[in-house]
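Going line by line, the protein sequences match chains A and B. In terms of this note's numbering, the first sequence is residues 539 to 1044. In terms of this note's numbering, the second sequence is residues 3 to 170.
What the hints contain is simulated information worked out from the structure, not anything from laboratory work. We treat Cβ as the ideally placed atom computed from N, Cα and C, and that holds for glycine. Don't take every hint at face value.
[What the hints assert, rightly or not] Label-pair distances were calculated between CB atoms; the ranges are:
1) Ser615/A with Cys134/B: 32 to 42 Å
2) Gly566/A with Glu102/B: 37 to 47 Å
3) Glu57/B with His809/A: 18 to 28 Å
4) Ala715/A with Glu102/B: 21 to 31 Å
5) Ala778/A with Glu102/B: 17 to 27 Å
[Unchecked claim] Partial list, derived from the structure: chain B residues whose beta carbon lies under 10 Å from chain A:
6) Val82
7) Ala83
8) Gln85
9) Thr99
10) Ile108
11) Glu109
12) Lys110
13) Pro133
14) Tyr144
15) Ala148
16) Phe154
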Amino acid sequence: MAKLTIDGGAIEVADGTSLFDACRLARGEALPHFCYHPDLSIAGVCRLCQVEVEGMPKLTIACNTTVRDGMVVHTRSEKVRKASQQILEMHLINHPVDCPICDQAGECGLQNQYMAYGLYDSQVAESDKVNKAKAQVIGPHVILDKERCVLCSRCVRFCNEVTKTGEMGIFNRGDRAEIGTAPGRELDNAYSVNTVDICPVGALTSRDFRFQKRVWMLKSADGVCAGCATGCNVRVDHEAGRVYRLKPRRNAQVNGSWMCDEGRLTYKDVHADDRLVEPSWRGQAVTWADAKARLAEVAVGGFALVVGSAHQSLEELGLLKLVAPGAVFSGGLAGSDMGVGDDLLRSADRTPNRRGLQLAGLPEHDAAALAVLVRAAKGAILVHGGDPAAAPEVAAALAGRQDVVYVGTHRRATAQAATLALPGATWAEKAGIFVNRQGRAQAFAQAVARPGQAREDWRVLAELLPATAAAPASLKALREAVRAQLGLGIDLDRLPADGALTGGEA
Amino acid sequence: MSFEGLPKGSTDGRRSPLESIYLWEVVKGLAVTGRHLVHNIFHTGEMPTMQYPEEKRVYGERFRGRHRLMQREDGTPRCVACQMCSTYCPADCIHITAAEHPDPAIEKYPATFDIDLLRCVYCGLCEEACPCDAIRLDTGIYEIAADSREKFVVDKEFLLNERTRGTR
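Isolated chain A (complex conformation):
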């Protein structure tokens, strides 16, 4: 442990801690910075985090200094204030200040730090600025504006250290220095939009989000990416019932600060044209009151077969087992939604909750086996989520049956095949828990309102419960019931911020 004094206060940190982190602890906020990033190497190029260390002849950058016992550090002295102001002014010399058309405005390092540490009058006329290329498309997801860049090299380090693809580099010297892709290369790795997130200015912006919304209008909810079994922690940015983008939320145990480009686009499914937005009876839209009456007709003898899915939350899977205690249970199609994984974040399993399915004890079946189960069912069939009828064998088995109830989000094959289709909520429209490939239970919050007459799935399932079972009063009560049912030793309603392991093999 090293004891040091920062701004007059004593603080003790572990040996080997960077002075930057120690200052963040002591001050309660980070030092001004552009190039420092907790998940990248230290570059020390922006020179903004300079602090005064007694005994050192000059100011020193905190990010590249390790703490030493007995250090006396000043981060708010006049000398430091002046230095950071001057460095900031230097960063802004050739900046075009085109904030009105810049997507970064509102979450921009230059804007925020100018307001916090700058507030000087510019000494550079607009006509004296060095002009560089603007709005260059450098990859399928990223657009580059060279003028706005402050050469912090975060994107270069990301491509070298995290994806190890090395597309980006800094070219030329002095005020001609600019960021760019290597000759003949595109920024086309599977994680390219992370460079947009870590770019502290508007040099790299997302093509998908381009001009869609000013960022200060967005509200955020903490979510978990439903794109694959990794369960990257995300921030769901939304406004007026629409999700505009997903941004990674740091969780050192799961995804670090990153997420893949494919996962970022999963929000488009929430607003797809084929969303199931009202109950439908034999293809005709009906009200919920009618749907309930029809339900009593269809499921008069209770459900004989219940098919869940790895796309549903842990609470819903637990509740599903209570709907029909004596039924045959299936977890849906085995091997459905598989893609290509890699050793960084993406899992080949493109469902968010296959581990949850296993926890809840719903075995998956291949198409032929599921078709056999469907044909053997001597009573109504309940399908919750997923799209088992996408497999021709299952679709053929379901065809002609008049006792199939589907609770789901999209009007796809299974919804078409069902006698009664009830609209549920997607991950953005409900709260719940997914168990990722590590067996880590992670909670996600509701971001936007449900479209049309769609309802939370657990409330829909509660309607289907037999008269003998008591419907859960709230999601909290349901979580407690599911915890007890699955014998989990963790409080599902108060999961820690980085999730909790449910046990079993990782």
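Chain A is fixed; fit chain B onto it per the hints.
The following block gives chain B in isolation, referenced to the frame of chain A:
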């Protein structure tokens, strides 16, 4: 109760016999009306009433009338869809959707720019917020009428058009 301090002529709610039959008071009132009538007949120029719409009041230079959108030299809107105005607007009456401009030097332009004139409070904060001097409330137009709510939502073309936007 004390009525000390009440202005002269105030009563404490009780009327004199003459007042309580009202007739004399009505005659007094009519006399005032008649005096003004006769005065106005002979001094029409002093009357505050205006013969609107033939005659119109002249407002000051800084009067905030209906909005207009300014144009570049080539007739396209100056607006770059930064949405400062709609952010600042206390009445939430400006709705803009941005789009990519074919000219990379401009980059961003408003694909739609709608103002709901029924919501607008004519405070002028939008022109104050605008970094491009693209929106102004200097048309002097205060006659805003339509026969449906939808028609009060004016679009980009209307606000840009020289003929409909008015000039000053």
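Results of checking the hints against the structure:
1. A hinted range of 32 to 42 Å holds for the C-beta pair Ser615/A and Cys134/B, which are about 40 Å apart.
2. At about 41 Å, the CB distance of Gly566/A to Glu102/B agrees with the hint of 37 to 47 Å.
3. Checked against the hint of 18 to 28 Å, the C-beta distance between Glu57/B and His809/A comes to roughly 55 Å, which is inconsistent with it.
4. Between Ala715/A and Glu102/B the beta carbon distance is about 28 Å. The supplied range of 21 to 31 Å therefore holds.
5. Checked against the given bound of 17 to 27 Å, the beta carbons of Ala778/A and Glu102/B, roughly 22 Å apart, stay inside it.
6. Because the beta carbon of Val82/B sits about 5 Å from the nearest beta carbon in chain A, less than 10 Å, this interface hint is met.
7. Proximity of Ala83/B to chain A holds as hinted, the smallest CB-CB distance being about 7 Å (cut-off 10 Å).
8. Interface restraint check: Gln85/B against chain A, minimum CB-CB distance 5 Å, threshold 10 Å, status holds.
9. At about 9 Å, the closest approach between the beta carbon of Thr99/B and any beta carbon in chain A falls short of 10 Å, and the interface hint on this residue holds.
10. For the restraint placing Ile108/B at the interface with chain A, the shortest Cβ-Cβ distance is roughly 8 Å, inside the 10 Å limit, so the hint holds.
11. About 5 Å separates the beta-carbon of Glu109/B from the nearest beta-carbon of chain A, less than 10 Å, and the hint is met.
12. Checking Lys110/B against chain A by beta carbon gives a least distance of about 4 Å; that is within 10 Å, so the hint holds.
13. Given the 10 Å rule on beta carbons, the hint for Pro133/B holds: about 5 Å separates it from the nearest Cβ of chain A.
14. Hint status for Tyr144/B relative to chain A: violated, with the closest Cβ pair at about 30 Å, above 10 Å.
15. Below 10 Å, beta-carbon pairs count as interface contacts, and Ala148/B has none with chain A, the closest being about 26 Å; its hint is therefore violated.
16. This hint is violated: Phe154/B has a C-beta 21 Å from the nearest C-beta of chain A, more than the 10 Å allowed.
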